[in-house]
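Enquirer: Just so you know, the sequences run in chain order P and Z. Taken in order, the first sequence gives residues 2 to 226; the numbers are from this note's numbering. Taken in order, the second sequence gives residues 2 to 226; the numbers are from this note's numbering.
Read the hints as simulated data drawn from the structure, not as lab findings. Predicted, not measured: the structure shown is a model, and the values here were computed from it. A couple of the hints might just be wrong.
Identical copies go unnamed one by one, so any copy, or any two together, can satisfy a pair.
Cut-off 30 Å, straight-line C-alpha distance, at most; resulting in silico cross-link-like pairs (DSS-like, lysine-lysine) [claimed, not checked]:
(1) Lys134 - Lys60
(2) Lys50 - Lys36
(3) Lys134 - Lys50
Number of protein chains: 2
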Amino acid sequence: MSPSARRTGRPRSAEADRAILGATRAALVELGWAKLTLGDVAARAGVAKTTLYRRWASKCELVVDAVAAVFDEHLEAGDHGSLHADVEAAVIRLAALLERPETGTALMAVIAEAMHDESLRCRVRSAIVDRQKRLVTLGRERARLRGELPREEDPEAAARNADLIFDAVAGTVLHRLMVSAEPVDPRWARDFTDLLLYGMTGADTGGAAAAGPVPDGAQKPAGSV
Amino acid sequence: MSPSARRTGRPRSAEADRAILGATRAALVELGWAKLTLGDVAARAGVAKTTLYRRWASKCELVVDAVAAVFDEHLEAGDHGSLHADVEAAVIRLAALLERPETGTALMAVIAEAMHDESLRCRVRSAIVDRQKRLVTLGRERARLRGELPREEDPEAAARNADLIFDAVAGTVLHRLMVSAEPVDPRWARDFTDLLLYGMTGADTGGAAAAGPVPDGAQKPAGSV
DNA sequence: CCCTTACGCTACGAGTCGTAGCGTAACTCA
DNA sequence: TGAGTTACGCTACGACTCGTAGCGTAAGGG
Chain P
2 MSPSARRTGR PRSAEADRAI LGATRAALVE LGWAKLTLGD VAARAGVAKT
52 TLYRRWASKC ELVVDAVAAV FDEHLEAGDH GSLHADVEAA VIRLAALLER
102 PETGTALMAV IAEAMHDESL RCRVRSAIVD RQKRLVTLGR ERARLRGELP
152 REEDPEAAAR NADLIFDAVA GTVLHRLMVS AEPVDPRWAR DFTDLLLYGM
202 TGADTGGAAA AGPVPDGAQK PAGSV
Chain Z
2 MSPSARRTGR PRSAEADRAI LGATRAALVE LGWAKLTLGD VAARAGVAKT
52 TLYRRWASKC ELVVDAVAAV FDEHLEAGDH GSLHADVEAA VIRLAALLER
102 PETGTALMAV IAEAMHDESL RCRVRSAIVD RQKRLVTLGR ERARLRGELP
152 REEDPEAAAR NADLIFDAVA GTVLHRLMVS AEPVDPRWAR DFTDLLLYGM
202 TGADTGGAAA AGPVPDGAQK PAGSV
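Please construct the entire structure, taking both the sequences and the accompanying hints into account.
Expert: Right, dumping it as structure tokens:
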């Protein structure tokens with residue numbers, strides 16, 4: 002499996018990879034998950050169906066990689082100066098990502114499938130979930146430096162908290178878009194951010210809560226990973 | 002379409018309906034969504050495949066009805082004495098429902114499919130989503146009577162808020178179970194409830210936050226901290 | 001130049017889909 | 001009781017997708 006193990010022989014065409022993943026996205030947009038067939042993807046990509054099967058064992062794995070590529074292109078955690086602004090921006094960006102016809106729908110279907118397939122679950126985790134969790138941890142560290150969040154004593158509790166926040170943000174946005182089938186407009190993003198920061202009891206106080214408790218933050222210049 | 006329009010002729014067998022929905026659940030448990038075929042369901046139910054197609058146009062609609070039946074059996078909003086206890090109980094009950102092998106996975110797949118099918122989306126909405134939203138509204142009304150939540154002046158804003166809470170609760174639990182693929186244990190349920198009620202800024206302080214802006218929260222022992 | 005691996009192409013059995021046709025069963029109304 | 005209507009079980013069918021095998025060819029390395 003190491004790269005050195007494949008020194009000899011004809012190398013795999015990197016261009017074919019790009020063509021296949023691109024064709025997968027296009028097919029997802031046009032046909033959706035259910036009607037997407039590997040034969041169709043192969044035809045769009047201009048490669049033989051057998052080539053596709055040599056690289057991906059199943060439709061699920063192919064789609065995971067295609068979706069993960071989209072996530073990689075559009076996910077980042079910029080510093081917006083305050084925890085509130087960071088969360089709000091993350092909500093809006095995640096929503097924009099999931100509103101694309103090739104991502105949200107396919108992701109749901111793949112995750113549903115992954116419940117019956119351990120290896121697929123690992124692939125989803127490493128390709129998509131873990132990378133997003135890193136962004137949550139990053140944002141929380143920034144907020145801690147700004148003094149918006151208390152220090153975390155117990156590292157295990159900190160990890161639990163980060164996971165919880167991640168599930169809350171990603172899950173709520175996903176549910177809003179997929180299940181409730183309603184858009185994430187700026188007002189909703191603000192309301193949800195308020196809920197997340199100040200809770201049900203505090204969020205009802207309206208816009209007053211948005212006047213955040215941070216006088217001057219933004220020490221960190223958006224360090225990319 | 003009115004029930005009186007079907008006065009004449011042989012009536013549809015209600016027992017067949019029950020057998021089919023039951024067989025669908027069983028097939029979902031054994032095979033999962035992807036490998037579930039209508040032919041298999043018909044065989045399990047002891048009915049002809051054609052009978053199945055006469056009642057449900059597609060696999061999706063059948064599964065929606067089967068899942069909705071499970072939800073109807075297990076969803077209720079009992080009064081637990083406080084907003085905190087109500088939310089926590091709802092989280093745990095919803096999690097128990099989604100952890101069943103025949104519900105969560107299938108629901109995800111159907112919702113993914115519904116993005117491309119307007120009529121299916123309506124069916125999901127009326128059969129599952131709207132009924133759950135009613136429970137949220139109910140719980141919030143009770144909390145308002147207890148004085149745990151302020152009065153809602155604007156009814157439109159109140160509806161927005163209820164929708165937001167619903168997306169937050171259902172979405173986060175769904176994401177925890179399906180995407181993160183980790184269990185909803187009592188501790189997580191309590192942590193999440195704290196987050197929902199008091200926000201990120203308050204929840205992080207640990208148990209101290211519970212003695213916050215609410216008469217007295219955190220009745221539930223369950224704490225291993 | 002030989003070896004190794006990837007690619008394109010064709011063809012195939014297996015399985016599912018959704019429908020049509022037929023005879024029969026159940027229920028209503030005159 | 002008999003006619004009309006609708007549902008059911010059964011069989012069979014064409015169309016489609018799946019995933020694989022076999023073959024000859026292309027592209028790199030020792």
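Enquirer: Going back to the hint list, which numbers does this structure go against?
Expert: 3
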